[in-house]
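In case you want the letters, here they are:
Number of protein chains: 2
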Amino acid sequence: MSHNEIVIFLVAISIMLFFARFLGEVFSKLKQPAIIGEIIAGILLGPTVFGNIWPELQGTLFPQSGNVSLVLNGIVQLAVIMLLIVSGLEVNLALIAKQGKTAFYTSTLGMVIPFVAGFIPFYFFSNSFGANDGDNLIFALFMGTALSISALPVIARTLMDMNLLKSEIGVIIIASAIVNDLFGWIFFSIIIGMISSGGSANYLTQIGGIFLFLAVLFFIGKPVIDRLVPRIQRNYSYPGSILSFIFIAGLTAAAITEAAGIHAIFGAFMIGVVVGDSSHLKEETREIIHQFVTNIFAPLFFISIGLKVDFVANFNPLLVSIVLVLAIFGKVTGSGLGAKLGGMSNPEAMTIGFGMNSRGAMEIILGLLALQAGIINEEVFVALVVMALVTSLVSAPMMSIFLAKMKKFETLTQIIDPKLILFTTRNEKTAVIQELTGTVASQAGISPNRMFDEVMSREAAFAPVIIPGLALPHAKLDVKRPWIAISVNRKGYRYSDEITEPVYLTVLLISPKDKPELHLNLLAGIVGAFSEEDAIKSLVETTDKVSIAAHFTERT
Amino acid sequence: MSHNEIVIFLVAISIMLFFARFLGEVFSKLKQPAIIGEIIAGILLGPTVFGNIWPELQGTLFPQSGNVSLVLNGIVQLAVIMLLIVSGLEVNLALIAKQGKTAFYTSTLGMVIPFVAGFIPFYFFSNSFGANDGDNLIFALFMGTALSISALPVIARTLMDMNLLKSEIGVIIIASAIVNDLFGWIFFSIIIGMISSGGSANYLTQIGGIFLFLAVLFFIGKPVIDRLVPRIQRNYSYPGSILSFIFIAGLTAAAITEAAGIHAIFGAFMIGVVVGDSSHLKEETREIIHQFVTNIFAPLFFISIGLKVDFVANFNPLLVSIVLVLAIFGKVTGSGLGAKLGGMSNPEAMTIGFGMNSRGAMEIILGLLALQAGIINEEVFVALVVMALVTSLVSAPMMSIFLAKMKKFETLTQIIDPKLILFTTRNEKTAVIQELTGTVASQAGISPNRMFDEVMSREAAFAPVIIPGLALPHAKLDVKRPWIAISVNRKGYRYSDEITEPVYLTVLLISPKDKPELHLNLLAGIVGAFSEEDAIKSLVETTDKVSIAAHFTERT
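Taken in order, these protein sequences are the chains called A and B. Per our numbering, the first sequence runs over residues 1 to 556. Per our numbering, the second sequence runs over residues 1 to 556.
Please keep in mind that the hints were generated in silico from the structure rather than gathered at the bench. Hints are supplied without guarantee of correctness; some may be wrong.
For identical chains, the list gives no copy identity; a pair is met inside one copy or between any two copies.
[What the hints assert, rightly or not] Taking lysine-lysine pairs in the BS3-like style, the calculated list, with each CA pair at most 27 Å apart, reads:
1. Lys405 - Lys537
2. Lys101 - Lys282
3. Lys282 - Lys31
4. Lys545 - Lys222
5. Lys29 - Lys282
6. Lys545 - Lys282
7. Lys480 - Lys340
8. Lys429 - Lys408
9. Lys419 - Lys222
10. Lys408 - Lys480
11. Lys29 - Lys480
12. Lys31 - Lys408
13. Lys222 - Lys513
14. Lys308 - Lys480
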């Protein structure tokens, strides 16, 4: 590069980084994924806005050809490879195994339905959308794939912002998005193979190559890497040597897959998956790579998208609407249906469906390649980018709507139900507990005998009377939500031999097995409701079940 | 880039990264700076070795022209800018202020002498070394500067490996290297200004520009940055936003200085200095940038050096010898003399001289620019790189030699001197202590009265008899090393009113004020020498001073 070209190169790269990161931070503040801001920054700096206002300056700073353009593209290429290594590192194979069934249904239907929804119309009407004759199969396969790959990084970010990343729904969404990603990339590389072989029959060789690469990587590469990682961390400079190792391995795999016609990023992503899966990789190493790549290189890639195309001139409202409707309809119904088959409730399934709906990273990369290869035209590319932006923007608000509909059972107010308050004259512990467990068991739909046995076996271990007059039998069982039933005996009864004071109030608490903290919180909440001295006495005199329920609620 | 070019690009970059990091780690294992391994890796992969064995393959993988070469050079350019930002971050302005005097002398003479040593011969014999007529001033200025800039990153690494980074000598070396660096870069940019203005008179404008840039940066930029850093860290994503900020600022400054004809890396380095000086910058941010840049980007730069030139074909033994002798002679005598003026002993000054001798980063960058600008030819460039390698390699072993010569006073063996053992008949505390302090004071070259007063004022605070028969008066004073003097009174004397047992042995310990731990260690060591019951009795009967000294030595 000449002196002038170096100046332009430096100015261009600092402007790109500044605008991408600035709008990225603005969108983060708005609780939206930063990637949306980064893509919009590109549209602003590209031919769409800046290029329309001041075409000469835009053309000088961000030239479409020449040395500066070549070097910038090379750096963006390296940035995408780094981004894909990091995306691969984020894939947690163990998580998929754990959330197996639900994740499998969610991701499979969440891919198949949008794929079909994209494939069929674009196969039959490919010519209307600018595909060349004879290319309609590749075009339709591409559209199907582009509509069916969820954006793992965007989804992870959205869940993090919504504080859902570690929740049950969050884990299912992430696990499904990972499966989706893995299969999406295999689809992706098959299509790339077809593109690079011009759609001819030898794409079968390409597909064979992909599976050969995956087989070698997982059966030879994975065990080797798993042994190398701890050795490198132990014997050589830390974290320097492992950082370099990850990039050398990622770049080498990228070179191999690129040479095999599958595209560099597939190899980079897969190396990320394999290295990230090694339990020996330290969190610090992940963090350094993650921070550097997502804050320096990824923004350079996402902003570069908008620099290539005029989003106004190539905006085809009909096409954009079709792509949007097919994408959202296909993904939300597909993933939602899958989640429902996996045992989720309706609002949970809808939350998962919209959680999986974010598109953004992969199909844009795919779209760029298809654009370069002439499979799609600018209008289709613009429609895909707009679809990515809209689906990512819509994800968090839509999830919030369905989350609100989901009934939660985490506080006494949410759990205590006047219908589960009984006035009893039974005056023997076993009889009182039997009445309570019977009532709860019929509501929770599980065996009353098992519940009774479980409660009684706990009783044997320790007497559940902490406050005089209140007995608190409880158990953890295979229930989906916690249950509380209350039995009031106005006269009081002798709970056990050791306890001399009569018990007036017997509160049964049954919690789900997998939520031990919730169990303890609820126990503490019940006890806390009787911290005032005469609380039990006055409560026992109440005859209205709603008032009794309200007593628990008011204190918590 | 075409498909094939992308493959070559990826293969080239992974090979470069692998060899650079691998040899870098090998040299680290050998307790040598990694940068040496990285440069040698380039010589191996470049025209010198690989290109001689298999020129076709070498030319394909690492082409000297075309798209791949252009993109690789662009990435190396970005790598150098990143490296310089990191180097700037490592500059600790507060350290210089603290080590002011010694660092000032060491760095000033350590620059002036090698500069003169380089300037004079190359000014008068410039034509013999390939400089064009009329270019002899720039050529000689360049050679002087190239010989006088120490390599801060190499020095820091060497000191770290030798476990000297936090020692007094280490801190002086680092502080001097920082001053050296700052001035070196100003020299550097002046010469670059002269090169880019073709040596014409308008280089004065360039020099003005440099000082204007520095003035704006330090008087406006520094306070602004110092207020921005904590705000960015607080209000935006951490560490993402501050990472991006540092690179955006670095790249912008690089663009400004490049546009002004001073060269991009000057701006990058200075932004690093200013940002790194902000006390608000968190250690974690520094660490992420440091690790990523030194392990991914810096190696790509250092290996690229060897890829450009044939080191065998351009090896001029006479020139290499001259450059080596001038560089080592100039730097070691210059820095050593400076250190001596700053109050260091001879072996300390030599250690500092060889510590400052490492060259490696800056003059190679400078050399590359001069090579591109036609100021120097390949032979001079090769001589500079060889000089950088040799000086860096030689640094640690030479420092070890002089460190060993430096007499240390840290153990009783090193401190107790038979000449400071007295047999006395004085039998009064004040008289005995006066005799001891008088002896030590004459040796240590300080006032006997001050020492006596100090010891007696300690006496008043607590009685220094821990073991019966042994008195241990002691004080901390402005001495350079600890002193021990021993007085033996065979008959014993009454030390004070409270102590009834006679004292036979009076041991005076005087330690430097700034080493309180050493003082305690020595006290403990003296007491420890008399842990056996009759030790004092048997020692008092000895008439040989060497045996008495040996008694202390054997026990410790």
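Results of checking the hints against the structure:
1. Lys405 - Lys537: neither (37 Å within a copy, 90 Å between copies)
2. Lys101 - Lys282: Neither. Shortest intra-copy (29 Å) and inter-copy (44 Å) distances fail the 27 Å Cα cut-off.
3. Lys282 - Lys31: Answer is between: at 25 Å across copies they meet the 27 Å cutoff, but 29 Å inside does not.
4. Lys545 - Lys222: neither (62 Å within a copy, 70 Å between copies)
5. Lys29 - Lys282: between (30 Å within a copy, 22 Å between copies)
6. Lys545 - Lys282: neither (56 Å within a copy, 58 Å between copies)
7. Lys480 - Lys340: within (15 Å within a copy, 80 Å between copies)
8. Lys429 - Lys408: The answer is neither: 31 Å in one copy and 83 Å across copies each exceed 27 Å.
9. Lys419 - Lys222: neither (57 Å within a copy, 69 Å between copies)
10. Lys408 - Lys480: within (11 Å within a copy, 73 Å between copies)
11. Lys29 - Lys480: neither (35 Å within a copy, 58 Å between copies)
12. Lys31 - Lys408: within (23 Å within a copy, 61 Å between copies)
13. Lys222 - Lys513: neither (36 Å within a copy, 58 Å between copies)
14. Lys308 - Lys480: neither (51 Å within a copy, 68 Å between copies)
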